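Visitor: For reference, the chains in residue letters:
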Amino acid sequence: MPLVQARDLRKVFIRHTHGPGIRGALQGLFRRQSEPVVAVDGIDFDIEAGEFIGFIGPNGAGKSTTIKMLSGILVPTSGELKVDGLVPHRDRRINARKIGVVFGQRSQLWWDLPIPESYNLLRYIYGIPQADYDERIAYFRDLLGLDEFWTQPVRELSLGQRMRGEVGAALLHRPKLLYLDEPTIGMDALVKERLRHFLVDTNRRDGVTILLTTHDLDEIERSCRRVMLINRGKLLFDGQLENLRAECSADTVMTVLFGEEPPADAFEGLQVLERDGARVTFGFRRGTTASGDLINALMSRYTVRDIKLTEPSVDVVVSSLYGGGEGSA
Amino acid sequence: MLNSAKWWLGLGWMSLKMRVASQISYNRWSYFSLFIAQMLSYLSDMALVWAMFRAFQGVDGWSLYQVILLNAIYLMSYGISQAFTVGLWDSNDLVANGTLDDYLIRPLNPLVHLMARNFNVGYLSHLTTAIITIAVIYPHLGVAWGVLHWVFLAVSIIGASLINAALTIFPAATSFIWTRQSLLSLIQSIRFSFNKYPLGIYPTVVRIFLTVVIPIAFLNYYPAASLLGKAPLALWPLITLAVGVLMMTAALAFWRWGLARYSSSGS
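Sequences listed follow chains E and X, in order. This note's numbering numbers the first residue of the first sequence as 1289 and each following residue consecutively. This note's numbering numbers the first residue of the second sequence as 387 and each following residue consecutively.
Excised from the complex, chain X in its bound form:
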């Protein structure tokens, strides 16, 4: 298990170096400038929230800085999960153009191979942005976090990353059924639109939808509520982790089912 994890990391590292070298073969600054552009875009997002809330003095009992924390936690889990699953964005092409066959002729698990081959260090920009943001706003949060708080923040982010990854794997696997699926874009826009503000501002129907159907409320709202003392500390981070593990297990099972269907029906 440990050996195989080391082996996959080795493959990921080699692929990463090759992908950076590919990018640099065109323009040596393009990789770096993309990184900066990503950071600027997310920092300006945060600034927008800040500008809006400065006028309104918080919402649904959440202060301006607490809402920014919400955004930063989401960004971190999105960056971590996306660094692995970004290769799945081409799932339509994988099936339609038969690129998947190039993975299936190798003696490897095609999904892990796909992730390792497309592992993208560019998402460090999301992580960096989130860490800078948290460092800047922490004094304004009005909390004094102990070690346990930081541990549960880490637990929440691991759980949220699993949920985010599952939310990419699941729609990507529908490519096996509908060769031209657009579910992935739909989920992408949902997770980006409904994550910026506390869940309480939405009508009950939407709240239930975001908790049960596409559970993106676990990505940041619930864990942040615990971390900010609006709920018992251990409660939501642990539930988030459990939801993450559950969703990931389901997404992987769905992927395997879809792959088997692909090779038997070849749609």
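One chain only, chain E, in its complex shape:
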């Protein structure tokens, strides 16, 4: 039996609205208009113990709402959700012992105190035996590199340092499941790499099942075998990362800066993702188009000043999966 089972999981929020201006606000006092907002729109998935899953999607796609339902914070509007045999919101407190959660935008560490103070409080809350606690701490200090800033108040730490502390805090009580909601927002590549290395290690060593939410595809590339892609509350893709790439009409993005703004109809037959004056962003598939050929073709007709090849962002992947962009290469 899978560790997590979601069947036709839905979450609908009620948003209260009122008309514009003071007039609207005053009318809103007496007549509240409300409209349903579908955050998660009937998704199905299973997660097996020990998996490391990348949960991707643009902002507002429903990732956080899903994590909050998995954590027992939010009650699903309909559908079924079981985590290790329990309904998270009904057995919230038992569920809480089995999970570790990191919300990237918030902190569970005490701002004015060094990290070990917060850890000690969590030790008390979860009733972690001293020997086990010491072992955990030694592991974190070593592999998360917490030693470098172990005695500094959290407020003096860099974003990356703090996040390493947050991840340790979420794993202290040896949860079966770790939910990470955008943990790497605003971090530089080096720090991301270190965190990635740690997560892969803890996933293999302790068998912690990890659900990593992000809108950064790069991050998932080397750690997750499985990717779930969500957009507007619907699961658009669930499977291997390679297969996701295969399904996209663009797996590579090329940004070209031309000498002058090219005519509007210049790129007939090419997939143009974005146009901004003389800067044009193309998407193409490496399997069907060689980047060299494309560059040669462009350079033979126009002055090219600069070329940059990048991995597609999650927005590009979403739009090329459904909706397909303008034409295909």
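A couple of the hints might just be wrong.
Unchecked claim - To list a few chain X residues with every Cβ distance to chain E over 10 Å, as calculated:
#, residue
1, Y412
2, N504
3, T560
4, L572
5, V631
What the hints assert, rightly or not - Away from chain X, derived, C-beta distances all over 12 Å, residues of chain E:
#, residue
6, G1338
7, K1386
8, E1405
9, R1411
10, A1419
11, I1425
12, R1443
13, G1474
14, G1495
15, L1524
16, E1535
17, E1556
18, G1557
19, S1579
20, A1585
What the hints assert, rightly or not - Listed next, the in silico SDA-like pairs over lysine to any residue satisfying Cα-Cα at most 25 Å (straight line):
#, chain 1, residue 1, chain 2, residue 2
21, E, K1386, X, L497
22, X, K616, X, F595
23, X, K392, E, Y1421
24, E, K1464, E, L1410
25, E, K1386, X, R492
26, E, K1464, X, D488
27, E, K1464, X, F595
28, X, K392, E, E1405
29, E, K1370, E, R1492
30, E, K1386, X, K616
31, X, K403, E, V1442
32, E, K1522, E, V1325
33, E, K1480, E, E1339
34, E, K1386, X, L645
35, E, K1464, E, T1543
36, E, K1386, X, P496
Note that these hints are calculated values from the structure, not bench results. Every value quoted in this text rests on a predicted model; they were computed, and no experiment measured them. Heads up, the beta-carbon is just placed ideally off N, CA and C, and yes, glycines get one too.
Given chain E, work out where chain X should sit, using these hints.
Guide: This is chain X only, laid out in the frame that chain E set:
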């Protein structure tokens, strides 16, 4: 039950030490000076009442010192309740910024956790002020209290603390419905404004309001009337305790309802 109470006290104690350490990490004297500032502010409040009543020779059959006792009893119950419920003052942020989620991911009751985590020993200043005040004015009250009087004073203060706590929990829980509520500030100003003088000086409508709607008359006026021999001794302290237990039960039920609503509608 006893074990869990001990466990929560342990959590409260740890959090308290951490919060004091946090404060001291900026300025080691700030905590102490805040304490002194609080005491001075309330002592000057008492002095103001004293100054006013010295001119007027009491009001509504209450002497100057009896009115000061009124204030001291209120201050004591406010200090005790607020030491626990001060964390609820951020209820708007709890809901709007999602800080509440950080409590909901723990294997604990979120309300008790919130209270334990934010338990504030600074309110000892209220308690100290009230005790000093009572010690100073007691000889002037014109009463000779026996053991039973002191017991009923304690009963009154427990009841009043429960009422005061409920008067914080209830409006705080409205944050679950109106994300930006200001009911808490409203109740705060009511309980601070209408507690300084005997209930008898207000028009009947106000008296009924302060007894039935926002029953802050139980915080000090009714119990003090009993303790000062203006009513049967056991009567008002026991009613105050009953009102406290009732209001607390209702406030907790309302909080639970609001929390359930929050997690199902996520307003």
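Visitor: Quickly compare the C-alpha distance for K403 of chain X and V1442 of chain E to 25 Å and report which way the hint goes.
Guide: Holds, at about 17 Å.
Visitor: Between the alpha carbons of K1386 of chain E and L497 of chain X, is the straight-line distance 25 Å or under?
Guide: Holds, because 21 Å separates the two Cα atoms, which is no more than 25 Å.
Visitor: Would the pair K392 of chain X and E1405 of chain E pass a check requiring their Cα atoms to be no farther apart than 25 Å?
Guide: The hint holds at about 21 Å.
Visitor: At 12 Å, judged by beta carbons, does G1474 of chain E keep clear of chain X as stated?
Guide: Given a closest Cβ separation of 18 Å, the condition holds.
Visitor: Below or equal to 25 Å on CA atoms is what counts here, so check K1522 of chain E against V1325 of chain E.
Guide: Holds, at about 13 Å.
Visitor: Given the hint that K1386 of chain E pairs with R492 of chain X, does the C-alpha gap stay at or below 25 Å?
Guide: Cα-Cα ~10 Å, so holds.
Visitor: Decide, holds or violated, for the assertion that all CB atoms of chain X are farther than 12 Å from the CB of G1495 of chain E.
Guide: G1495 of chain E is indeed farther than 12 Å from all Cβ atoms of chain X, at 21 Å.
Visitor: Holds or violated: K616 of chain X and F595 of chain X, Cα atoms, limit 25 Å.
Guide: OK: K616 of chain X and F595 of chain X at ~22 Å, within 25 Å.
Visitor: Taking C-beta pairs only, is E1535 of chain E more than 12 Å away from all of chain X?
Guide: The claim holds: E1535 of chain E sits with its nearest Cβ about 32 Å from chain X, beyond 12 Å.
Visitor: Would you mind confirming whether the straight-line C-alpha gap from K392 of chain X to Y1421 of chain E stays at or under 25 Å?
Guide: The given pair, whose Cα atoms are some 22 Å apart, holds under the 25 Å limit.
Visitor: Was R1411 of chain E rightly flagged as not at the interface, with every chain X Cβ beyond 12 Å?
Guide: Label violated. Min Cβ-Cβ 10 Å, cutoff 12 Å.
Visitor: Over 10 Å to the closest beta carbon of chain E is the bar; see if N504 of chain X clears it.
Guide: Since the minimum Cβ distance to chain E is about 12 Å, N504 of chain X lies beyond 10 Å and the statement holds.
Hint violations for this structure: numbers 1, 7, 8, 9, 12, 27, 30, 35, all remaining hints satisfied.
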